[in-house]
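Student: This is what each chain is made of:
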Amino acid sequence: MNHEAALRIQAWVDGELPSPADREVAAWVERDPDAAALATELRHARSALREGEPEYSAPVSREFYWSAIERRIASPRTPQPQAPAAPPFAWLARWFVPAGILAALALVLMLPALRDQFAPPVKRASEEVESPLDDISSVTFRSESEGITVVWVNAR
Amino acid sequence: MGIKTGMNRIILHTLLCVAASLWFLAGTPAVSGADLALRSQLLWGTDQEKPRESTYKEVDPKVKGKLSRIFKWKHYFEINQQKVTLEANDTKRLKLSAKCEIDVRFLDAHTLEIKLYGEGKWTKTIRQSVAALNRGELAVLAGDDKDKYGDAWFVVLSADRP
Amino acid sequence: MSGRPSKPRQKRIEYPSAADEDLVRAAQGGDMVAFEELVGRHRDKVYARAFSMMRNEDEAIDLSQEAWVKGWQRLQQFQGEASFVTWMTRVVINLCLDALRKQKRLRTESIEHMDSESGGVERQMPPLIINPTEGLERQEVRQRIDQAMSQLSYAHRTVLILHEFEGLEYKEIAKRMECSIGTIMSRLFYARRRLAALLMDLKQERPT
Chain G
1 MNHEAALRIQ
11 AWVDGELPSP
21 ADREVAAWVE
31 RDPDAAALAT
41 ELRHARSALR
51 EGEPEYSAPV
61 SREFYWSAIE
71 RRIASPRTPQ
81 PQAPAAPPFA
91 WLARWFVPAG
101 ILAALALVLM
111 LPALRDQFAP
121 PVKRASEEVE
131 SPLDDISSVT
141 FRSESEGITV
151 VWVNAR
Chain A
157 MGIKTGMNRI
167 ILHTLLCVAA
177 SLWFLAGTPA
187 VSGADLALRS
197 QLLWGTDQEK
207 PRESTYKEVD
217 PKVKGKLSRI
227 FKWKHYFEIN
237 QQKVTLEAND
247 TKRLKLSAKC
257 EIDVRFLDAH
267 TLEIKLYGEG
277 KWTKTIRQSV
287 AALNRGELAV
297 LAGDDKDKYG
307 DAWFVVLSAD
317 RP
Chain E
319 MSGRPSKPRQ
329 KRIEYPSAAD
339 EDLVRAAQGG
349 DMVAFEELVG
359 RHRDKVYARA
369 FSMMRNEDEA
379 IDLSQEAWVK
389 GWQRLQQFQG
399 EASFVTWMTR
409 VVINLCLDAL
419 RKQKRLRTES
429 IEHMDSESGG
439 VERQMPPLII
449 NPTEGLERQE
459 VRQRIDQAMS
469 QLSYAHRTVL
479 ILHEFEGLEY
489 KEIAKRMECS
499 IGTIMSRLFY
509 ARRRLAALLM
519 DLKQERPT
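Protein chains in written order, with the numbering used here: chain G, 1 to 156; chain A, 157 to 318; chain E, 319 to 526.
FYI, nobody ran anything at the bench for these hints, they're computed from the structure.
As the structure is a prediction and not an experimental result, all values here were calculated from the model.
Any given hint could be a false lead.
Derived pair list, reagent style EDC-like, types lysine to aspartate or glutamate, alpha-carbon separation capped at 20 Å [unchecked claim]: (1) E/K388 x G/E70; (2) E/K489 x G/E16; (3) A/K220 x E/D362; (4) A/K228 x G/D34; (5) A/K239 x A/E214; (6) A/K248 x A/E214; (7) A/K220 x G/E144; (8) E/K493 x G/D14; (9) A/K228 x G/E146; (10) A/K302 x A/E257; (11) A/K228 x E/D519; (12) A/K218 x G/E144; (13) A/K251 x A/D301; (14) A/K218 x E/D519; (15) A/K255 x A/D300; (16) E/K493 x G/E24; (17) E/K489 x G/D22; (18) A/K230 x E/D362; (19) A/K218 x G/E70; (20) A/K228 x G/E70; (21) A/K230 x G/E146; (22) E/K388 x G/E63; (23) E/K388 x E/D362; (24) A/K220 x G/E146; (25) A/K302 x A/D316; (26) E/K489 x G/E4; (27) A/K206 x A/D191; (28) E/K363 x G/E63; (29) E/K363 x G/E51; (30) A/K255 x A/D191; (31) A/K239 x A/E257.
A few chain A positions that, by computed beta-carbon distances, are all more than 12 Å from chain G [stated by the list, open to error]: (32) A190; (33) T211; (34) Q238; (35) R249; (36) K280; (37) T281; (38) Q284; (39) E293.
Ideal Cβ placement from N, Cα and C applies to all residues, glycine included.
Bound conformation, chain G alone (with noise of 0.2 Å):
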């Protein structure tokens, strides 16, 4: 399975997927090990963080982390907050406004998707590596826990 397609497996996990991809995926899923199995872990990580997401509190007491908070709004320095300034004809913008978002709303639906939701990946910085042959590509990696770069490289 290469890097796109395990992308768009994560994206069909998080629910990022338009139909009808979406449903090609599932079916992509129920059929192929690989990628069910890969769509497991990754909810399996996604389910973890979510139930298990750290809680940490301020280690210092309440007076004394507002007493600094305090200091700062009180200071010279600091700019004091203004009320926003009412926008001109806001009387007409109350009439208009939700006129508008419906004419926009409308023309959204009515026009089909024109675009990719995925924009293509950022480039990596191609001076470090170059792939003089059409049929090897490669996915570079790096841990920072192990200290290690690896260039693997695909025959396709």
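On the provided structure of chain G, position chains A and E as indicated by the hints.
Tutor: Only chains A and E this time, still in chain G's reference frame:
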């Protein structure tokens, strides 16, 4: 022009020249007399208990530990190891097997360039930070073993230390 | 509204038991005591988000306090579209992202950081189908995740926090982190797989 204004102008020009020089020097690769001692290893990753050749041996524990925490294979056998010392701007070719060679080039004090040749064909060029190598990091090129499904080959470069 | 803290309004508020909405309304009217109550109530949550991103207590305290100051300055802009604590959390996230970006500018860019920041990273390992946190008590899960998260890079940790803890979509994360959606997807993928591997390591080191 007053003396003070003139002095300020001289100081400013001096500072600008110093800043420009520093900027220029920072961009210029440092010329260093230090050589780079490298170790390159060709490894085979597999779940097989025994290597297919009797000359292959288990890779050293440190490298094995790093690889096994990243990759799935149970065993990593060393097919070949070569050591080389590079001077500044030096290039050396290392033949790691009949099918695998690498050119290592000490580009400048910060950068090592590695060109991989597979079956005589130039396959890949990478550049590795020398500072990272000297900190004990590994640069690895790897891929699927064409001869055995599920196995992999690894070219591992590290700084050679006593 | 004058920035100077004013006396509480005539309507008496029982600050400790007042709802957030009432406290916010009072604070928008200049009631500093109401604002202090909001800070007291939600400081841990705001601090926690700052700490999860910065992994440094002093920086987290500083940034979370700065977030509260900004919250006070911008209180009129809060219209109740989300909960107040969610709004404050977004403020502190933006401050942390700015701080992380500044730190990155100060650091010399090096090859070893490039790959981990680029979009095309992947772990060539088979999927882990065993749930690494199965059978663990919640506190243990939290500790392990904390330990695993501390081993990720800032970029990978941030994308996990924004997606998993803050529930932001890819597009929103890309906008906040000022990079492409593709980069976010790759970072998230790598971060999740790395986290799974780290949790599995912990499971093996410390079986339940």
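Student: All hints are to be evaluated individually against the structure, with a verdict given for each.
Tutor: Evaluation of the provided hints:
Using a Cα cut-off of 20 Å, the hinted pair E/K388 and G/E70 holds, with the two alpha carbons roughly 12 Å apart. With a C-alpha separation of about 10 Å, the suggested pairing of E/K489 with G/E16 holds against the 20 Å cut-off. Annotation: proposed proximity of A/K220 to E/D362 is violated, straight-line Cα distance about 43 Å (limit 20 Å). In summary, the hint linking A/K228 to G/D34 is supported, as the alpha carbons are separated by about 15 Å, within the 20 Å threshold.
A threshold of 20 Å between alpha carbons decides the hint, and for A/K239 with A/E214 the separation of about 18 Å falls inside it, so the pair holds. About 26 Å separates the Cα atoms of A/K248 and A/E214, which puts this hinted pair outside 20 Å; it is violated. Restraint check: the Cα-Cα separation between A/K220 and G/E144 comes to about 17 Å, which is no more than 20 Å; the hinted pair holds. For the hint linking E/K493 to G/D14, the alpha-carbon distance of about 18 Å falls within 20 Å, and the restraint holds.
For the suggested pair A/K228 and G/E146, the alpha carbons sit about 15 Å apart, so the restraint of at most 20 Å is met. The straight-line distance between the Cα atoms of A/K302 and A/E257 is roughly 16 Å, inside the 20 Å bound, and the hint therefore holds. About 13 Å separates the Cα atoms of A/K228 and E/D519, which keeps this hinted pair within 20 Å; it holds. Taking the CA atoms of A/K218 and G/E144, the gap is about 16 Å. The hint holds against a cut of 20 Å.
With a C-alpha separation of about 18 Å, the suggested pair A/K251 and A/D301 falls inside the 20 Å cut-off, and the hint holds. Of the pairs offered as hints, the one joining A/K218 and E/D519 holds, with about 17 Å between alpha carbons and a cut-off of 20 Å not exceeded. At most 20 Å may separate the alpha-carbon atoms for a hinted pair to count; A/K255 and A/D300 meet this at roughly 14 Å. Between E/K493 and G/E24, the direct Cα distance comes to roughly 28 Å. Violation of the 20 Å bound is thereby established for this hinted pair.
Distance check on the hinted pair: E/K489 and G/D22 sit about 18 Å apart at the alpha-carbon level, within 20 Å; holds. Our distance criterion of 20 Å between C-alpha atoms is broken by A/K230 and E/D362, whose separation comes to about 45 Å. Distance hint between A/K218 and G/E70 is unfulfilled; the C-alpha atoms sit about 54 Å from each other, more than 20 Å. Between A/K228 and G/E70 the CA atoms are separated by roughly 55 Å; this puts the pair beyond 20 Å, and the hint is violated.
Among the hinted pairs, A/K230 with G/E146 is consistent with the structure: their alpha-carbon atoms are about 18 Å apart, no more than 20 Å. Simply put, E/K388 and G/E63 have alpha-carbon atoms about 19 Å apart, close enough for the 20 Å limit, and the pair holds. Distance hint between E/K388 and E/D362 is fulfilled; the C-alpha atoms sit about 17 Å from each other, no more than 20 Å. Between A/K220 and G/E146, the direct Cα distance comes to roughly 11 Å. Compliance with the 20 Å bound is thereby established for this hinted pair.
Note on A/K302 and A/D316: the hinted pairing is violated, with a Cα-Cα distance of about 29 Å set against a maximum of 20 Å. Distance restraint check for E/K489 and G/E4: the Cα-Cα separation of roughly 18 Å lies within the 20 Å cut-off, and the hinted pair is therefore satisfied. Annotation: proposed proximity of A/K206 to A/D191 is violated, straight-line Cα distance about 38 Å (limit 20 Å). For the proposed pair E/K363 and G/E63, the alpha carbon gap of about 16 Å is at most 20 Å, so the pair holds.
Straight-line distance between C-alpha atoms of E/K363 and G/E51 comes to about 16 Å, which keeps the hinted pair within the 20 Å bound. Annotation: proposed proximity of A/K255 to A/D191 is violated, straight-line Cα distance about 28 Å (limit 20 Å). This hinted pair checks out: A/K239 and A/E257 have alpha carbons roughly 13 Å apart, not beyond 20 Å. Remark: the non-interface label on A/A190 is consistent with the geometry, its nearest Cβ contact in chain G lying 21 Å away (cut-off 12 Å).
Residue placement check: A/T211 keeps its beta carbon more than 12 Å from all beta carbons of chain G (closest about 25 Å). At the 12 Å boundary, the C-beta of A/Q238 stays outside the reach of chain G, the nearest C-beta of that chain being 19 Å off. Under the 12 Å C-beta cut-off, the non-interface status given to A/R249 relative to chain G holds; the minimum distance is some 17 Å. Not every C-beta of chain G lies more than 12 Å from that of A/K280, the closest at about 6 Å, which undercuts listing it as non-interface.
The claim that A/T281 lies off the interface is violated: its Cβ sits roughly 4 Å from the closest Cβ of chain G, which falls inside the 12 Å cut-off. A cut-off of 12 Å between C-beta atoms contradicts the statement that A/Q284 is not in contact with chain G; the least separation is 7 Å. The non-interface label for A/E293 is inconsistent with chain G: the shortest C-beta to C-beta separation is roughly 4 Å, within 12 Å.
Hint compliance for this structure: hints 3, 6, 16, 18, 19, 20, 25, 27, 30, 36, 37, 38 and 39 are broken, all remaining hints hold.
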